[in-house]
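Q: Using the sequences and the hints, build the whole thing.
2 protein chains.
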Amino acid sequence: MTKIRKIILEESEMPRQWYNLAADLKTPPYMGPEGPVKPEEWGPVFPMNLVEQEYSQERWIDIPEEVLGLLSRWRPSPLHRAYELEKAIGTPAKIYYKNESVSPAGSHKPNTAVAQAWYNKQFGIKKLTTETGAGQWGSALSFACSLVGLECKIFMVRISFDQKPFRKLMMATWGGNCVASPSNETKFGKSILEKMPDTPGSLGMAISEAIEQAVTDPKGETRYSLGSVTNFVMLHQTIIGLETKKQLEKAGEKKADIIIGCAGGGSNFAGLAFPFVYDKINGTDIEIIPVEPASCPTMTRAPYVYDNGDTAMMVPLVAMHSLGHNFVPPPIHAGGLRYHGMSPLVSKAIIDGLMAPRSIHQIECYEAGILFAKTEGIIPAPETTHAIAATIQEAKKAKEEGKEKVILFNFSGHGLMDLLGYDKFLNGELKDYELPDNIIKDNLEAIKDYPLPQV
Amino acid sequence: MTKIRKIILEESEMPRQWYNLAADLKTPPYMGPEGPVKPEEWGPVFPMNLVEQEYSQERWIDIPEEVLGLLSRWRPSPLHRAYELEKAIGTPAKIYYKNESVSPAGSHKPNTAVAQAWYNKQFGIKKLTTETGAGQWGSALSFACSLVGLECKIFMVRISFDQKPFRKLMMATWGGNCVASPSNETKFGKSILEKMPDTPGSLGMAISEAIEQAVTDPKGETRYSLGSVTNFVMLHQTIIGLETKKQLEKAGEKKADIIIGCAGGGSNFAGLAFPFVYDKINGTDIEIIPVEPASCPTMTRAPYVYDNGDTAMMVPLVAMHSLGHNFVPPPIHAGGLRYHGMSPLVSKAIIDGLMAPRSIHQIECYEAGILFAKTEGIIPAPETTHAIAATIQEAKKAKEEGKEKVILFNFSGHGLMDLLGYDKFLNGELKDYELPDNIIKDNLEAIKDYPLPQV
Chain A
228 MTKIRKIILE ESEMPRQWYN LAADLKTPPY MGPEGPVKPE EWGPVFPMNL
278 VEQEYSQERW IDIPEEVLGL LSRWRPSPLH RAYELEKAIG TPAKIYYKNE
328 SVSPAGSHKP NTAVAQAWYN KQFGIKKLTT ETGAGQWGSA LSFACSLVGL
378 ECKIFMVRIS FDQKPFRKLM MATWGGNCVA SPSNETKFGK SILEKMPDTP
428 GSLGMAISEA IEQAVTDPKG ETRYSLGSVT NFVMLHQTII GLETKKQLEK
478 AGEKKADIII GCAGGGSNFA GLAFPFVYDK INGTDIEIIP VEPASCPTMT
528 RAPYVYDNGD TAMMVPLVAM HSLGHNFVPP PIHAGGLRYH GMSPLVSKAI
578 IDGLMAPRSI HQIECYEAGI LFAKTEGIIP APETTHAIAA TIQEAKKAKE
628 EGKEKVILFN FSGHGLMDLL GYDKFLNGEL KDYELPDNII KDNLEAIKDY
678 PLPQV
Chain B
228 MTKIRKIILE ESEMPRQWYN LAADLKTPPY MGPEGPVKPE EWGPVFPMNL
278 VEQEYSQERW IDIPEEVLGL LSRWRPSPLH RAYELEKAIG TPAKIYYKNE
328 SVSPAGSHKP NTAVAQAWYN KQFGIKKLTT ETGAGQWGSA LSFACSLVGL
378 ECKIFMVRIS FDQKPFRKLM MATWGGNCVA SPSNETKFGK SILEKMPDTP
428 GSLGMAISEA IEQAVTDPKG ETRYSLGSVT NFVMLHQTII GLETKKQLEK
478 AGEKKADIII GCAGGGSNFA GLAFPFVYDK INGTDIEIIP VEPASCPTMT
528 RAPYVYDNGD TAMMVPLVAM HSLGHNFVPP PIHAGGLRYH GMSPLVSKAI
578 IDGLMAPRSI HQIECYEAGI LFAKTEGIIP APETTHAIAA TIQEAKKAKE
628 EGKEKVILFN FSGHGLMDLL GYDKFLNGEL KDYELPDNII KDNLEAIKDY
678 PLPQV
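Order-wise, the sequence lines are chains A and B. Numbering-wise (my numbering), the first sequence opens with residue 228 and increments by one. Numbering-wise (my numbering), the second sequence opens with residue 228 and increments by one.
It is worth saying that the hints were derived from the structure and are not from the lab. Hints should not be assumed to be uniformly reliable.
Note that identical chains are pooled: a pair holds if it fits in a single copy or bridges any two copies.
Computed list of lysine-lysine pairs in PhoX-like fashion (alpha-carbon distance at most 25 Å, straight line) [what the hints assert, rightly or not]:
no.	residue 1	residue 2
1	K348	K230
2	K353	K314
3	K230	K481
4	K354	K314
5	K472	K233
6	K348	K314
7	K391	K651
8	K230	K473
9	K473	K233
10	K446	K472
11	K477	K233
12	K626	K314
13	K321	K481
14	K481	K348
15	K481	K507
16	K417	K354
17	K353	K233
18	K265	K507
19	K253	K481
20	K507	K253
A: Below, the structure is given as structure tokens:
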């Protein structure tokens, strides 16, 4: 076999430290009614060892030995060379993808889920609460809690709870307790149900329920966990890019020219890209492209502002690209990319000119997903197809230019739990959603009196 | 990290030859109305290069370079040490499992699917037909045909087609054409639909449709493909055990004491076990345990006879353990283990005393599956839970005996497409099915006039 398709690493080659981009990129502070939010104010929500990571300015943070042990159930993940996709496109570019679909939950999410579960356990916490939309994050956290020995409570947006029973069954199999949100288990949930008994729910409501249940535990043994956006989540995900660097070296590549990932809250993209952003800051010429749905254009059409991360406005203001916390994106299938905001670190890196975000419509993404499945073999998650579509755009450009570029993207998850979108696409039932400027403008009205981030 | 959980191999370490147990174990011939069936009689059903493998007495058969290339999309698969499962059981035994769930279709099935697709393509075939019950094999063959560039037609038992839409969507995503059986696309299907328009279908009917469509192609460019039972399928699967041998050596294990796999038609079990059967024939002391559902006890309660592999009695008689071709097993969730017969090679190895089959009820299997998911992290397919349950039995025995045995089992597939069984188990809705002797006796009446295999 002359072609080696997968560059693998031994467990002994796993990175021993995470990379913290916050050391190399200054972001404006979280903002509360009294000004910048102090670390200890987060105490009822997150355990202090994670809050410490959130505020850390250290460039390299040790990965605890036990967290490495948890990660080693599926890590290091393979880096694949996409020979057949290259051939189908007829590009001189070399395409590599990091395969995060090999985790037991099927995506990159467990990288931070096991770390968060472990840090909470260390801090004496007995139970984690969280929200989930389509269910990807809820299943990752259930998985992590089952390994570490924590209770796990998931508030799942009611419409997904009813329409996507299989994700719920995954959570239950790992012992997680998943309920439809709004529920009768919180004051907030009850108040919503009284007013709107038939509401389909929303991620905003589910977040509010999860936080309420965490902060009102009379024993103080419950905390809230989340799967994207915050600095410590980005930190935990950098193991993706750090492994990839070793693998590219093994493959004999001096550098990657283009780095691509899909971005909803930003975590899988950041995980792959941040270690390369470090190189870029230090002078290496790399193009870094976060990709979002054209119908939820946080990075490409929304301003850099202070806004709430949650619809219920319970948590401090975050400096980020945001479409406004009331923005409700069209019902595209990539549920994990339907978020109004963006990781503060990713947002700031865009402002600083370190990244060139791009948006793509869903039909082009599904076409890319099908081509990938038929050539490379793995069926991608709808979110992941956005990274593939951008990769194909870049590979075609390299063909036009006749350049042998190295393109690297993050294969963030498989689509085995999300096949209905493919069905609709194959039956010609999918459509693209154009988003008029005035809808974005109207949604931003809600935050017009908020302070502006000083950069 | 002192504990290494996964023993991995580079692509360059992939085995270059399959092991053919038929060279070391004589089986009675396939039997037709005129006596033993000659290779050329299979011509309309299988391409001759596969028929040649079916009849081969060579011990080692080269794996074509291109087939290795196809397999390398996900192979070599990792061998895991199940530290957490060992700890949960409190056993001194060392438990290893070969993880075949890492393939894009989620099971071991693609090992033979890509080989069959490639050999058919080499032989000038343009289209493959097959049947599928729960859909595991149909999706593996769709995947393989899409990579190799063949048309793929799958006849899926109507009740599964209606109840398990997601498998069908997997096949469609890879470009396979899946129809409910009985269908209007074959004479046999039409004849059934005329008599029984509301029939839920059966695997027997689906096989008949798939074979009919293959053998009646006027251009002669269509062949039939199947996912278990025959010698060439067992052959292709031996890459599992051959890789495992290298990995055990890397792990510093001189030998495995006990080898376990679940067995429906026999292919994942044979794939892991046959290379070790070779050692056993040559004097190594190994216990080899194929595990079946107590409600479909082909190996543990059925005789070694000549019987039809298909319900419609279209194909030659096979010497094997069989419950009779009319036997309809109770509706357990491990659909892949609901077959009335067993691979002729596995059957003969049992007759020769090389293996000690075992049967287990489904509730014990689901308990084992949940324990595995909560300790090792991966949710097993319902079929795979049978191997886990037997492993736990053996690990407990080792604990009682105070022996540090090496137990190895095949993790044949993940359960992400089969979560309904877990749901029923967790809700206490599953039951075990006792199979009275007279049901077995009655079903064997149908084959009482068949010849007996001479061994």
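Q: Each hint needs a verdict: does it hold in this structure or not?
A: For each hint, the structure was consulted:
no. : hint          : in the structure
1   : K348 <-> K230 : between (44 Å within a copy, 21 Å between copies)
2   : K353 <-> K314 : between (51 Å within a copy, 21 Å between copies)
3   : K230 <-> K481 : within (19 Å within a copy, 32 Å between copies)
4   : K354 <-> K314 : between (49 Å within a copy, 23 Å between copies)
5   : K472 <-> K233 : both (14 Å within a copy, 21 Å between copies)
6   : K348 <-> K314 : between (48 Å within a copy, 19 Å between copies)
7   : K391 <-> K651 : both (15 Å within a copy, 17 Å between copies)
8   : K230 <-> K473 : both (19 Å within a copy, 22 Å between copies)
9   : K473 <-> K233 : both (13 Å within a copy, 19 Å between copies)
10  : K446 <-> K472 : neither (44 Å within a copy, 52 Å between copies)
11  : K477 <-> K233 : both (11 Å within a copy, 20 Å between copies)
12  : K626 <-> K314 : within (11 Å within a copy, 54 Å between copies)
13  : K321 <-> K481 : within (13 Å within a copy, 42 Å between copies)
14  : K481 <-> K348 : neither (41 Å within a copy, 38 Å between copies)
15  : K481 <-> K507 : within (14 Å within a copy, 49 Å between copies)
16  : K417 <-> K354 : within (22 Å within a copy, 58 Å between copies)
17  : K353 <-> K233 : neither (39 Å within a copy, 30 Å between copies)
18  : K265 <-> K507 : neither (31 Å within a copy, 67 Å between copies)
19  : K253 <-> K481 : neither (29 Å within a copy, 55 Å between copies)
20  : K507 <-> K253 : within (16 Å within a copy, 65 Å between copies)
Comparing the model with each numbered hint stated earlier shows that hints 10, 14, 17, 18, 19 do not hold.
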